[in-house]
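Chains A and B, in that order, give the protein sequences. Residue numbers for the first sequence, in our numbering: 436 to 828. Residue numbers for the second sequence, in our numbering: 436 to 828.
Incorrect hints may appear among the rest.
With a cut-off of at most 27 angstroms between alpha-carbon atoms, the simulated DSSO-like pairs for lysine-lysine come out as follows [what the hints assert, rightly or not]:
| # | chain 1 | residue 1 | chain 2 | residue 2 |
| --- | --- | --- | --- | --- |
| 1 | A | Lys697 | B | Lys795 |
| 2 | A | Lys467 | A | Lys604 |
| 3 | A | Lys791 | B | Lys795 |
| 4 | B | Lys595 | B | Lys795 |
| 5 | A | Lys697 | B | Lys595 |
| 6 | A | Lys795 | B | Lys697 |
I should point out that these hints are in silico values taken from the structure, not numbers from a laboratory.
Protein chains: 2
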Amino acid sequence: MLRRGLPALALALGLLTVSARTPAAAQEVLEKRVFEGGAYQTRGGGTIANLRIGYQTMGSLNAAGTNAILICHFFSGNSHAFGRLAAGGPAGYWDAIIGPGKPIDTDRYFVVSADTLVNVNVPDANTVTTGPASINPDTGRPYAMTFPVVSMRDFVETQKRLLDSLGVKRLALVAGPSNGGLQAIEWAAAYPGFVERVMPVVAADIDAWMQGWLDIWESPIRLDPNWREGDYYGQGREAPLRGLAEAWKIVTLHARDRLWAKQYDRQPLEGQDPARRIGDHFAIERWLAEAAAARARTSDANSFLYMIRANQLFLNEYPSLAAAVAGGPARWLVIAAPTDRVFLSEGVGELVEALKAGGKQVATARLAGPLGHQNGVVGMAPVGARIAAFLAE
Amino acid sequence: MLRRGLPALALALGLLTVSARTPAAAQEVLEKRVFEGGAYQTRGGGTIANLRIGYQTMGSLNAAGTNAILICHFFSGNSHAFGRLAAGGPAGYWDAIIGPGKPIDTDRYFVVSADTLVNVNVPDANTVTTGPASINPDTGRPYAMTFPVVSMRDFVETQKRLLDSLGVKRLALVAGPSNGGLQAIEWAAAYPGFVERVMPVVAADIDAWMQGWLDIWESPIRLDPNWREGDYYGQGREAPLRGLAEAWKIVTLHARDRLWAKQYDRQPLEGQDPARRIGDHFAIERWLAEAAAARARTSDANSFLYMIRANQLFLNEYPSLAAAVAGGPARWLVIAAPTDRVFLSEGVGELVEALKAGGKQVATARLAGPLGHQNGVVGMAPVGARIAAFLAE
């Protein structure tokens with residue numbers, strides 16, 4: 436215990452940086468694997484003939500199968516939460532807190548992360564998902580909008596199959612940011628005996644107001660004439676990239692915050708004069724348009740629509756969040772960003788109150804940083820010690 | 436003074452409702468008038484051949500012209516802030532606080548409110564504006580996107596011309612909610628000697644983040660194929676009502692709050708099952724879609740785009756908000772809704788700090804209610820006494 440205990444204490448005291456025990460030379464290149472799950476019946480009664488989802492792992496599962504941790508990804512993410520998938524390639528989004536000697540310590544834990552169903556990153560070579568862009572074996576053509584509706588619970592069920600196939604018997608922790616935090620809560624509700632600890636980050640209940648925002652996120656796709664009710668796959672057809680880009684523009688701004696935007700300082704685009712010409716614009720508008728257009732090129736519009744629906748169906752099999760988590764695991768660490776404009780502080784407060792009212796041990800941590808909601812994806816390093824302590828409880 | 440002093444005191448103590456001195460039988464039907472302002476040179480250097488804006492007044496201007504109050508309207512509003520324009524018709528949006536014996540007392544003050552330039556309510560018979568839907572006398576056809584860009588300062592300049600024509604020499608108060616609050620601040624900056632008191636409600640500085648949100652509000656219009664770069668007026672053409680409705684959907688949800696949405700309680704639409712059918716939806720989505728479609732039918736898409744730009748150009752002639760208000764009036768009452776999701780509490784706090792740093796007397800008041808930003812339009816009655824006291828200072 437001493438070998439592990441000392442660095443953990445040092446971390447808690449802020450004496451070590453989280454990467455101190457991870458020299459670059461020791462960085463492992465992870466393999467992206469594919470789970471072939473066979474036929475899958477959705478919670479809504481539909482059938483997916485061939486379930487395939489990508490995943491990655493780090494660390495080793497113990498003989499009892501009890502040292503596993505599951506990381507669930509955010510709305511636009513995939514399984515790449517930690518490590519590198521190629522030498523010199525980018526690190527996963529939570530790499531600051533996951534790895535050998537890091538707060539989620541892969542010397543101790545077997546950490547798994549999987550691509551969800553209807554993952555939006557269809558054109559990305561490192562994403563493997565089953566969704567509306569997948570081929571329906573009955574027709575030999577993409578499902579498009581004939582793909583069955585899937586819910587957050589379906590995400591959990593497919594991950595459960597994956598974990599079963601890997602020999603996992605218990606999760607020491609299920610965690611994730613945003614959409615990943617919703618999955619973590621849904622896990623706690625679905626498999627209370629299987630989960631020891633839950634750590635939702637920048638996540639809270641999906642109420643009617645948030646269901647409305649999710650509708651607003653997706654609506655530009657339906658406005659794009661190229662969407663054609665989802666029938667845009669195949670040669671000679673154009674994907675609804677303008678509508679999809681507009682959708683990403685909303686998500687992008689909503690998931691950031693005003694402090695981040697201050698760098699644009701109301702500046703017009705160089706050479707433009709929006710005070711005189713209605714076709715001229717401000718720098719923030721160009722940044723948003725370009726970021727969103729780039730994101731549209733690496734994602735799929737129909738999958739975006741299905742992912743929205745899965746979010747709107749958060750905990751849809753339960754009368755309330757309180758009822759859903761009532762019989763679930765006892766230990767929770769709820770991490771929130773006070774400037775999160777997607778999951779507001781009030782909603783996070785209600786989540787914490789519901790958990791406390793249900794007799795849970797609930798700790799909380801706050802994320803600073805100018806990025807609002809996005810702090811939960813890219814700004815986790817400062818709460819690393821808190822996470823290590825939570826795992827040690 | 437006694438006659439007026441007692442009711443004001445009673446109001447402050449909450450002993451009277453604001454309508455106690457306004458029996459229905461005494462309600463005056465107001466006349467909507469039209470100000471013909473002639474040719475107008477915009478701040479951006481463009482020319483509007485025939486400036487026409489609608490307005491309404493209540494109360495009497497004193498001989499010195501010093502008892503006037505100007506009320507500026509919100510993004511989707513018009514001059515109808517008080518009174519009724521037809522017997523039995525709806526009351527103005529701030530009627531709870533404006534009228535005989537009310538906090539903004541038309542027995543004492545001459546209250547004016549005008550339609551802005553590029554007002555969105557073009558199809559509305561009670562709105563008179565000059566904007567992209569107006570006829571360009573040089574061509575005999577609507578300006579469409581050839582209309583000159585106008586700024587918040589242009590709104591102020593046209594209102595100043597109107598007030599001059601009415602003989603107003605000084606404003607005891609300029610006030611308004613949201614976009615109207617921005618106009619009030621712009622007034623304070625443009626005509627510091629003309630304005631005694633300023634009362635921005637649910638308003639704060641427009642920073643780059645807000646400029647980005649304004650871009651998001653308008654973008655669905657540009658996505659609608661019927662928009663045709665603004666060239667949709669005239670026989671045989673369809674207005675971009677789908678895009679415009681989508682734009683209103685964003686504004687509508689953004690300007691409300693989660694407490695309001697709780698009534699929809701994640702319910703599916705009657706007879707629909709969004710957990711099984713991707714084309715089925717939730718009740719909140721239908722409400723938003725119907726409210727927005729109705730709003731689209733009574734507004735003009737190009738005017739929406741120009742109104743967005745005017746907001747993005749808030750205080751664009753000044754290096755900062757602090758610099759803009761430095762030499763302005765000394766007395767401010769800043770009214771905000773803590774659950775405002777458009778102008779966030781942080782932004783309102785910065786406005787108050789900037790005013791205090793500039794040596795102003797700044798009072799603040801908070802609006803409760805479930806409607807978030809909209810509380811500043813429809814929820815003003817509870818701060819009536821505070822407003823009366825502010826006017827008495």
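Hints, verified against the model:
no.	hint	verdict
1	Lys697(A) / Lys795(B)	holds, 25 angstroms
2	Lys467(A) / Lys604(A)	holds, 22 angstroms
3	Lys791(A) / Lys795(B)	violated, 45 angstroms
4	Lys595(B) / Lys795(B)	holds, 24 angstroms
5	Lys697(A) / Lys595(B)	violated, 32 angstroms
6	Lys795(A) / Lys697(B)	holds, 25 angstroms
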